[in-house]
Amino acid sequence: MNFIFDAIAFIVDGTNWPGPLGLAARLQQHVFITALSVVIAAAIAVPLGLVIGHTGRARSAVIAITGAARALPTFGVLTLFVLIGLQFGAGLSLGPVIIVLVILAIPPLLAGAYAGVEAVDRLTVDAARAQGMTEWQILSRVELPLALPLLVGGLRSATLQVVATATIAAYFAQGGLGRYLIEGLSTKDYTRAVIGAILVAALALLLDGLFAVVQKLVVPRGVSRDATRTKRSSTGSSATRPARSIDATRTPVTEG
Amino acid sequence: MTWLWNNSGLVLGLLADHARLSAIPILIGFTASLPIGWIASRSRILRAVLLTVFNVLYTIPALALFVVLPGLLGTKILDETNVVVALSIYAVAMMLRGTVDAFGSVSPDVLQSATAQGFSSTSRFWTVQFPLAGPVLLANLRVVSVSTVSLLSVAALVGSGGLGRLFTEGYSRGFIPEIVVGIVFTVLLALLFDAILVVAGRVLMPWSRRMSAPTRIPSPQAVVTGGGAR
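If you read the protein sequences in the order shown, they are chains A and B.
Using the numbering used here, the first residue of the first sequence is number 1, and each one after it goes up by one.
Using the numbering used here, the first residue of the second sequence is number 1, and each one after it goes up by one.
Incorrect hints may have been included.
Facing chain A, a subset of chain B residues (Cβ under 10 Å, in silico) [said to hold, decoys possible]:
no.	residue
1	V53
2	L65
3	P70
4	V106
5	V110
6	T115
7	F119
8	V149
9	L152
10	G159
11	T186
12	D194
13	A195
Result set (DMTMM-like, lysine to aspartate or glutamate): computed pairs, CA atoms no more than 25 Å apart in a straight line [unchecked claim]:
no.	chain 1	residue 1	chain 2	residue 2
14	B	K76	B	D17
15	A	K188	B	E169
16	B	K76	A	D189
17	A	K216	A	D13
18	A	K188	A	D13
19	A	K188	B	D101
20	B	K76	B	E169
21	A	K216	B	D101
22	B	K76	A	E183
23	B	K76	A	D6
24	A	K188	B	E80
25	A	K188	B	D79
26	A	K216	A	D121
Keep in mind that the hints were calculated from the coordinates and are not lab data.
Please read all numbers here as calculations on a predicted model, not as lab measurements.
Glycine is no exception: its CB is placed at the ideal position from the N, C-alpha and C atoms.
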């Protein structure tokens, strides 16, 4: 218990925050690495996922990619890329770490975008088409707004995964809150390790809470949980289940 | 390949450690999620509370949990128990919503007819509700199994055994083949566990093969969830 109290005392002490090696700087680095990786990954994965969801092409590829990503040990992939970077003379730069974090963030983002569009009732899409909307209009004005909760859900799990993995990345002399953790472990200064652990956990919980709120806010007006729930039970298809998606994006629910 | 051949003893030892250290949390997670999920499926409030608690625990990054647990449990920081407890918590968290859904997916009509036929509530659970929830439970267990195997490699940073040690060692020696061997064997172990679960499912639930065939396609939210290095 002592480690934890000491660590909390250290964190609460305002004098430990400023400075180039202070808590604030480490926190800022962590947030920067996370944001950069997630933004790059989103720029690649979200448009791709929306198109896949709209056309229905390559959906089995998405499922295969997300399944395979789950089995890959991220720590190993991170080590591999950093070592390859070292051998190509990149030094201990941020590059290889960012590449791995981007690769890591792509599957949940891709799946969120794809699943969000896929979950839109086909009757709604047909109705939009019958009203004379072009395919682009259908995607941007009908499918995208309805897909937003699931899309944000994908963003949420991608961000949390990147926050967690950015911690591990500190093993390779990178910045961020993981630095405390790794240094503490290697010098057997457990209070220091616990400081890193508490701050990383707090950051993860804060981001998770923020995304939970955003997820609720982006539900289009007129789409209430009850309305979608009755629709689901009447269609009965496993592909049209948007109702629970609002809070179900975090935990695996697989069928079959 | 030469490296693997010369160090096959080391790799097999770590593989065995990895199998043991991931199998225990998978089993604990599955077993613990059954009563918790059953309780949660009985009441709306408990459902909300339990899902929130485990969701919060699941949000905490793995390395952070490995480091904080010794302070809470009174264990040594390099104790394997920390890793097993942390991975079990994640396993329950990943499993729980699926378990609630699985029990909820059994039609109330079926349960009522079982009661009408004179089943006690215990035997109704074990002989009717549990087997009918089986396929959904299995699907969730497979996700938990794969995620746990890959997540365990992070434990090498807190000195725990398992294939993750090939990553820390390979990195400190700057030796890429060792890392590739670690990645490949971790994935192979995940596939092996998955195959065991699929076979066990076929043996224990021979009816599900016919029933689940048309619903092979995962639901949208199933693909959203990542797993990976939390």
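Structure-based check of each hint:
1. Given hint, V53(B) at the interface with chain A, is violated; its Cβ is 12 Å from that chain's nearest Cβ, farther than 10 Å.
2. Taken as an interface hint, L65(B) checks out: its beta carbon lies about 8 Å from the nearest beta carbon of chain A, inside 10 Å.
3. About 7 Å separates the beta-carbon of P70(B) from the nearest beta-carbon of chain A, less than 10 Å, and the hint is met.
4. At about 14 Å, the closest approach between the beta carbon of V106(B) and any beta carbon in chain A exceeds 10 Å, and the interface hint on this residue is violated.
5. Given hint, V110(B) at the interface with chain A, is violated; its Cβ is 17 Å from that chain's nearest Cβ, farther than 10 Å.
6. Against a cut-off of 10 Å between C-beta atoms, the interface hint on T115(B) is violated, since the closest Cβ of chain A lies about 23 Å away.
7. Look at F119(B): its Cβ only gets to about 27 Å from chain A, farther than 10 Å, so that hint breaks.
8. The closest approach between the C-beta of V149(B) and any C-beta of chain A is roughly 7 Å, which is under the 10 Å cut-off, so the hint is satisfied.
9. Hint status for L152(B) relative to chain A: holds, with the closest Cβ pair at about 8 Å, below 10 Å.
10. For G159(B), the suggested interface contact is upheld, since its CB lies about 8 Å from the closest CB of chain A, less than 10 Å.
11. For T186(B), the interface hint holds, since its Cβ comes within 10 Å of a Cβ in chain A; the closest pair sits about 4 Å apart.
12. Checking D194(B) against chain A: minimum C-beta separation of about 8 Å stays under 10 Å; hint holds.
13. Given the 10 Å rule on beta carbons, the hint for A195(B) is violated: about 12 Å separates it from the nearest Cβ of chain A.
14. Of the pairs offered as hints, the one joining K76(B) and D17(B) holds, with about 19 Å between alpha carbons and a cut-off of 25 Å not exceeded.
15. A threshold of 25 Å between alpha carbons decides the hint, and for K188(A) with E169(B) the separation of about 19 Å falls inside it, so the pair holds.
16. Between K76(B) and D189(A) the CA atoms are separated by roughly 13 Å; this keeps the pair inside 25 Å, and the hint holds.
17. Taken as a hint, the K216(A) and D13(A) pair is broken in the structure, with Cα atoms around 35 Å apart against an allowance of 25 Å.
18. Pair hint K188(A) plus D13(A) holds up; C-alpha atoms about 22 Å apart against a cutoff of 25 Å.
19. Distance hint between K188(A) and D101(B) is unfulfilled; the C-alpha atoms sit about 44 Å from each other, more than 25 Å.
20. Restraint check: the Cα-Cα separation between K76(B) and E169(B) comes to about 22 Å, which is no more than 25 Å; the hinted pair holds.
21. Taking the CA atoms of K216(A) and D101(B), the gap is near 21 Å; set against the 25 Å cutoff, the hint holds.
22. At most 25 Å may separate the alpha-carbon atoms for a hinted pair to count; K76(B) and E183(A) meet this at roughly 18 Å.
23. Of the supplied pair hints, the one linking K76(B) and D6(A) holds, its CA atoms being roughly 17 Å apart against a limit of 25 Å.
24. Straight-line distance between C-alpha atoms of K188(A) and E80(B) comes to about 17 Å, which keeps the hinted pair within the 25 Å bound.
25. Distance restraint check for K188(A) and D79(B): the Cα-Cα separation of roughly 14 Å lies within the 25 Å cut-off, and the hinted pair is therefore satisfied.
26. Restraint check for K216(A) and D121(A): the C-alpha separation of about 20 Å stays at or below 25 Å, so the hint holds.
Violated hints, listed in ascending order, are 1, 4, 5, 6, 7, 13, 17, 19; each of the other numbered hints is respected by the structure.
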